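Residue numbers (the working numbering), protein chains in the order written: chain Z, 1 to 342; chain F, 1 to 329.
The set of hints was computed from the structure by calculation and includes no laboratory data.
Keep in mind it's a predicted model, so treat the numbers as computed, not measured.
Heads up, a few of these hints could be off.
[Stated by the list, open to error] Derived DSS-like pairs (lysine-lysine); straight-line CA-CA distance at most 27 Å: (1) 50(Z) <-> 184(F); (2) 184(F) <-> 43(F); (3) 54(F) <-> 179(Z); (4) 43(F) <-> 54(F).
[As the list claims (entries may be wrong)] Here are the in silico distance ranges between beta carbons for each label pair: (5) 277(Z) <-> 37(F): 56 to 64 Å; (6) 267(Z) <-> 128(F): 30 to 38 Å; (7) 130(F) <-> 339(Z): 23 to 31 Å; (8) 238(Z) <-> 54(F): 19 to 27 Å.
All C-beta atoms, glycine included, are put in the ideal place defined by N, C-alpha and C.
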Amino acid sequence: MTAAGAGTGAQTGVDAGISAQELLGLYEQMAVIRGTEKAAHDLFLAGLVKGTTHLAAGHEAVAVGASAALRPDDYVFATYRGHHHAMARGASPTECLAELMSKGTGLCRAKGGSMHLTKASAGMLGSYAIVGAHLPLAAGAAWSARLRGSGQVAVAFFGDGATNIGAFHEALNLAAVWKLPVLFICENNLYMEYTPIGDVTAVANPAADRAAGYRLPAEIVDGNDVVLVRDAVARAADRARSGAGPTVLEAKTYRHFGHSRTDPASYRPAEEVEQWLSRDPLDLARARLGALGVPAESVAAADERVTRIVQEAVAEAKAAPGPDPAEALTDVWADGGSAWRT
Amino acid sequence: MADQADVITYREAVAEGIARELRRDPSVVCLGEDIGAAGGVFKTTQGLFAEFGKERIWDTPISEQAILGVAMGAAMTGMRPVAEIMFSDFFACCWDYLANEIPKMRYMTGGQVMVPLVVRTANGGGLGFGAQHSQAVENWALAIPGLKIAAPSTPADVIGLMAAAIRSDDPVVFFEHKGLFASKGPAAPEGHLVELGRAAVVREGSDVTLVGLAATVPLALAAAGRLAEDGISAEVVDLRCLVPLDMAAVLESVRRTSRLVIVEENPYQGGWGGTVASVVADEGFELLDAPVRRVAAACVPLPFAEVLEQQVIPTVDTVTAAVRALTAY
């Protein structure tokens, strides 16, 4: 149900129908992301990943469901919690882990790190670590698509915390006025860093309830159900491609790890954690696979493939060489260099 | 002296420079506040909407973050946006894009993405707009690796540098000086292009080098004219760009004159002249017969009244006084 206006986005009950084969593929993608995130966590604890990580375990259905509904040439902009979006758009676990581990074979040749995973060749146009900054960028990519008549759409994924920053509001207004083919998809995991989003936000649904202020349609979706996400994104993308403008989607989800690094997330009540873990996106997908008659052996075979993929990715990333130190002074300018004076 | 038909104002040169690129390249598109039918608050986009229409010239809300963010997203996906931030003071409203997003994208993705856009803005004092609409903030941009910076002083350079800026595959911040909009100069021939990072010696001299940028170039020229009456021969170098910074041209001039006065409108505190002076100290110390002097704005907010503003920003008097003190050294 696409609801025009605030606070009306009831959970969709539509089952658009998905083949067992497609769902098994989406399940496997989600499981690869989960396995890679767990590996990233372990590698961080082992001191092999420096700096910080913001793991997306628990958010897999948002990225994989959305990606399943998009065209290969559509644009995606993500946040510093963006490993799942990079992988959902086609980045390999190996090149993601290599980037996290400061390897020259990493997605960004070790110049970006966990917070800036980017795979431009797959339309994954970056992970942005200034909260909300990329919403106008997605609007700009959508504007470009419209000017070029390409039929592409752009998607900004952002957290609930981003809905309280100015760039969110500037982007929604301009995208609405210009009727841009852009989707604003909030991954509402209930916490802006360590603080419950409800404690610092004037409305109950931080993204969806704001949409009405810009006369944009909004939909609230179960962000842990990959099929429901896929269907909601498909509707919004169709709408955008038809020239009807942006849609705000608010996907309710939950992170399985803390905000970043080794945050134990002890600020979250145990009952709440337990309730959300019981709705793990992988479990929901498994239940759907069972309902579609997929035998348990097929799911087990997928799980085995995933384990192997992740193990190989960890081994390859560990074995990869570090960056050439000379790379520190390249890629500022389009000529490949960094000269600022004669 | 060119005849009237070949003379153009700096203000008209802005629109002409953009129009030439809009005609040449369909990926060029403009956005900003009041730039469409209104022609811009400084009339620097006059005529563009009439010639190119609403699919090329886009009016925006007062949303500086959206203006630069949208321009960046479009630049990353095949367009060459020319974004206007009405007053350079408003850079502070969208500083994230200038400091964190636009200049870093190419680098932090390991070269996967380019951001070919131009951010145009009206910069500087002299018009009595007070502390929040008069600052010279070119030094803000200079603090950020990853931005190219142009600041023309003549109508022909406006056109030539605009062509280079729009064709550049790197982001360029383009400072148009408010105090120069009404100034006139020879028109630029069709196809005129001034490469980014090439300073110009706009007056030759042998006793002292005056380095200026944008409005301080005519100021330095006026000072040089007055100094000539006293027998002091001043060479004037127009930097035209802060990045790339043509230090080779500055050092070459100092080699001839052995004295250097830097004339800058931004505050002494953190102004671009400090960078020029430090390179000369590093690499040209033996060329100098006297200390390097910087004539910069006082380190206060810009006051409103003209008589007060003149106390703060460089004037012909302060420049000539600095030169006289130096030649007597």
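Inset, instruction - Compare the distance between the alpha carbons of residue 54(F) and residue 179(Z) with 27 Å, and conclude whether the hinted pair is satisfied. - result: 14 Å, holds
Inset, instruction - Starting from residue 43(F), check that the Cα of residue 54(F) is at most 27 Å away, please. - result: 17 Å, holds
Inset, instruction - Verify the proposed pairing of residue 50(Z) with residue 184(F), using a straight-line Cα cut of 27 Å. - result: Between residue 50(Z) and residue 184(F) the Cα gap is close to 57 Å, so the pair fails against 27 Å, i.e. violated.
Legend entry - Verdict for residue 277(Z), residue 37(F) (Cβ pair) under range 56 to 64 Å: The hinted range 56 to 64 Å holds for residue 277(Z) and residue 37(F), with Cβ atoms some 57 Å apart.
Inset, instruction - Would you check the hint for residue 184(F) and residue 43(F), treating anything up to 27 Å between C-alpha atoms as holding? - result: OK: residue 184(F) and residue 43(F) at ~15 Å, within 27 Å.
Legend entry - Pairwise beta carbon distance, residue 238(Z) to residue 54(F), judged against the given window 19 to 27 Å: 26 Å, holds
Legend entry - Assessment of proposed distance window 23 to 31 Å (beta carbons of residue 130(F), residue 339(Z)): This hint is violated: roughly 38 Å between Cβ atoms.
Legend entry - Verdict for residue 267(Z), residue 128(F) (Cβ pair) under range 30 to 38 Å: 53 Å, violated
Checked against the numbered hints given earlier, the structure breaks hints 1, 6, 7 and satisfies all the rest.
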